[in-house]
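Q: Chains as they are written, first to last, in the numbering used here: chain D, 1 to 228; chain P, 229 to 772.
It should be emphasised that the hints constitute simulated quantities derived from the structure, not laboratory data. There could be a bad hint or two in this list.
Said to hold, decoys possible - Which stretches of chain D does chain P cover? Using the computed rule of at least three CB atoms under 8 Å from a CB of chain P, they are:
(1) 27-34
(2) 37-43
(3) 55-69
(4) 79-88
(5) 190-203
Said to hold, decoys possible - Chain D is faced by these chain P residues, among others (derived, beta-carbon under 10 Å):
(6) 332
(7) 338
(8) 342
(9) 386
(10) 389
(11) 410
(12) 411
(13) 416
(14) 420
(15) 442
(16) 446
(17) 453
(18) 458
(19) 460
(20) 463
Quick caveat: nothing in here was measured; it's all calculated off a predicted structure. Idealized CB from N, CA, C, for every residue including glycine.
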Amino acid sequence: MSPDGHATAVHGGGAHAAAAHAGHFDSAEQQRESASLGMWVFLVTELMFFGGLFLAYIVYRSAWPEAFGAASHHLDVRLGTFNTIVLIGSSLTMALAVRSAQLGRRQAVVIFLVLTMILGATFLGVKAYEYHHKAVEHLLPGHGFQFEGADPRHASMFFCLYFAMTGLHALHMIVGLGILTVMLIMGARGRFSAAYYNPIECSGLYWHFVDIIWIFLFPLLYLLERHG
Amino acid sequence: MSAAPTETGSEPRTHYLNDGYGIKSWLLTTDHKRIAILYLISITVFFALGGLMAVLIRLELATPEGDLFQPDMYNRLFTMHGIFMIFFFLIPGVPAVLGNFFIPIMVGARDLAFPRLNLLSWYIFNIGGIFAFWAMMHGGIDTGWTFYTPYSTTYASTHVLPTALGIFIAGFSSILTGLNFVVTVHRMRAPGLTWFRLPLFVWAMYATSLIIILGTPVVAVTILLVGAERLFGVGIFDPALGGDPLLFQHLFWFYSHPAVYIMVLPSMGVVSEIVPAFARRKIFGYRFIAYSSIALAVLGFLVWGHHMFVAGMSIYAATIFSILSMLVAVPSAIKVFNWTATLYKGAVSWETPMLYALGFIGLFTIGGLTGVMLATLGIDLHVHDTYFIVAHFHYIMVGGAIMGYLGGLHYWWPKITGKLYSRFWSRISAGVIFIGFNVTFLPQFILGYLGMPRRYHSYPPEFQVLNVMSSAGATILGVGYVIPLVYFIWSMRYGKQASSNPWGAVGLEWETTSPPPTHNFETQPVVSRGPYEYPPPKEAPVVA
């Protein structure tokens, strides 16, 4: 039970299949529950992190509904919808990857993780295209901002928040892709089994969380003005 | 765990302090006890920095004229005093040092749930501190610790971004610590250790962790937005660009008011440990104290508006915030009354930790009651931004949080180091700190009530007597803080060996050796009773 016992907790744990767990835990079950609870708590902090931005958006949106509505017409709903579908699809493949890990199906883990990453990369690609488009249309907030409408100041505010929110979300996607790369390597090496799947399960929670953020971003940014 | 007695008789027992030597065994440790020591060193450095600023502030204020510093230098001094003391000393203070050390032991675990995350949080904390320190060395920051826009955006001429980045980074370290505590308390408790057998210190730390988890991310994103405003010239908080500076204040106080409870709740937990130990009585109203910690965590999130009564707020919102703020007095009073009831008919002994705990109760009560005054709209409008406010929150943060921190440090020092400190000097210093504190801050209540505004480097001559008193008190207080530093360090080398339970207290931490072995207990403890069963039975049956 050396201090290094902890060091084997996350990375090496699965190699010794059955009841492998870090030295300060009593059982693999306790370790799994701790990891899972820790991840949930972390996601709560993430939720509060995005919460500040959601609050800012809602406050300003209700203060200047016309300007925000006019500005939101410059977003491409078709691309947004496409991205939403892509991301929901990636949540499905992620869930299947976790399930495959729990069942010890090494090949399926790899396939589903690769699919998830392709979908995630697709999302980011589309997002990058949208950003580029905004830059071309001079809709980047700051000195070069140009907007033909009644209230360019608050339209600029809309794009400010649009970039802050989707940018932070995209950053989380990029981090997620990094995490999935690690999971892919671990999965390909057969680290996961019915007895040990904490890392991929926690990565899955993270991925779903990032998806859910988008599920709220999409209607708030793209759709609010489209009714009727 | 290979603590097989190598030599019978003499003392070469393996414990966490002699289990590996050298700088690497400390900097790469995952032992929560060693990480607590690392934190202790870090926050002591930041406390000294913040203290130095306080010395300079009080020096300037000894005379009515602004003769020592230019106004903008003075602005930097009080800003950096606040930033170092709040973000780099008080917020990590009790949790990262005493909580880190004792939560795993109090729940009968071998370590926190995520030991490497714990070490990471210490590194993150120091990186944040280095950014703030760098900013200080390159001219500092003058916005006030609150970073109000537009001081921190449009009109910023100092190192706002590096400092804000430092606080942003340090915030993640407290998030990781809070996360670690929550998971540890949920998942790592020893067999038989039910929620209502947990020591109240653990309850308080749990409530604190909830605040950290829910609040810190909000200030983090606020800092990000300020950074975006500075870097990209966008105007989220800038009225000229369509933004609203009030939004910043709302977001900031949504974290920074609960942060007051991050600072004081852990110290309340410490007091809940010390009072029964030195009154030799089971704590009165255990469940009430436990629930009141949670109540403070919840209510703490509903009262941020009372910082903004004069900032532009509808009378209805202000009234609601006023009433909610007064409600905070209820759980606070529950604690104070229960501690007092524990003392009643107790066999009180005046050991150093108890002096600090009693000091806490008295000073916190003053701080709390003036808080109720300030929650009253009329009074708040009158004394807003005066020294009355300064005195009020120093009674909570210094008289409350630091007294609790020092009390806890004195209570558990024999357990942490295995050494006893000087009983005489420690009691002297507790007295000096108490007197110095009151001489410093009591005059400030009067100054504020008479109308002396805060954050000015000069003042009308009629305020000089009280200001000189305050500066004199600060000198006494400073001496009081230096004395423990001396005898604590002295005790590590020359102090007498502490027994495993020098106070005759109950609690899992007193049932392991001093200092504890690397894995805290030689055998897994099994808990069969509540945490404050005083007087302690002759043989403690807790360790199976």
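Q: Each of the hints needs a verdict: does it hold here or not?
A: Hint check:
1. 27-34: The restraint on the region 27-34 of chain D holds, since 3 of its residues have a Cβ under 8 Å from chain P and three suffice.
2. 37-43: The restraint on the region 37-43 of chain D holds, since 4 of its residues have a Cβ under 8 Å from chain P and three suffice.
3. 55-69: Holds: 6 residues of the region 55-69 of chain D have a Cβ under 8 Å from chain P.
4. 79-88: Our answer is that it is violated, as 0 residues pass the Cβ test (under 8 Å) against chain P, missing three.
5. 190-203: violated (count 0)
6. 332: 8 Å, holds
7. 338: Since the shortest Cβ distance to chain D is 4 Å, the answer is holds.
8. 342: Check passed: Cβ of residue 342 of chain P comes within 6 Å of chain D, closer than 10 Å.
9. 386: Violated: closest Cβ of chain D sits about 23 Å from residue 386 of chain P, beyond 10 Å.
10. 389: Violated, about 17 Å.
11. 410: Residue 410 of chain P check passes; min Cβ-Cβ to chain D is 5 Å, inside 10 Å.
12. 411: 5 Å, holds
13. 416: Since the shortest Cβ distance to chain D is 7 Å, the answer is holds.
14. 420: 14 Å, violated
15. 442: Holds, because the Cβ-Cβ distance from residue 442 of chain P to chain D comes to roughly 6 Å (cut-off 10 Å).
16. 446: 5 Å, holds
17. 453: Since chain D brings a Cβ to about 7 Å from residue 453 of chain P, closer than 10 Å, the hint holds.
18. 458: 12 Å, violated
19. 460: 6 Å, holds
20. 463: Given a least distance of 7 Å, the restraint on residue 463 of chain P holds.
Hint check: violations occur at hints 4, 5, 9, 10, 14 and 18; the rest are consistent with the structure.
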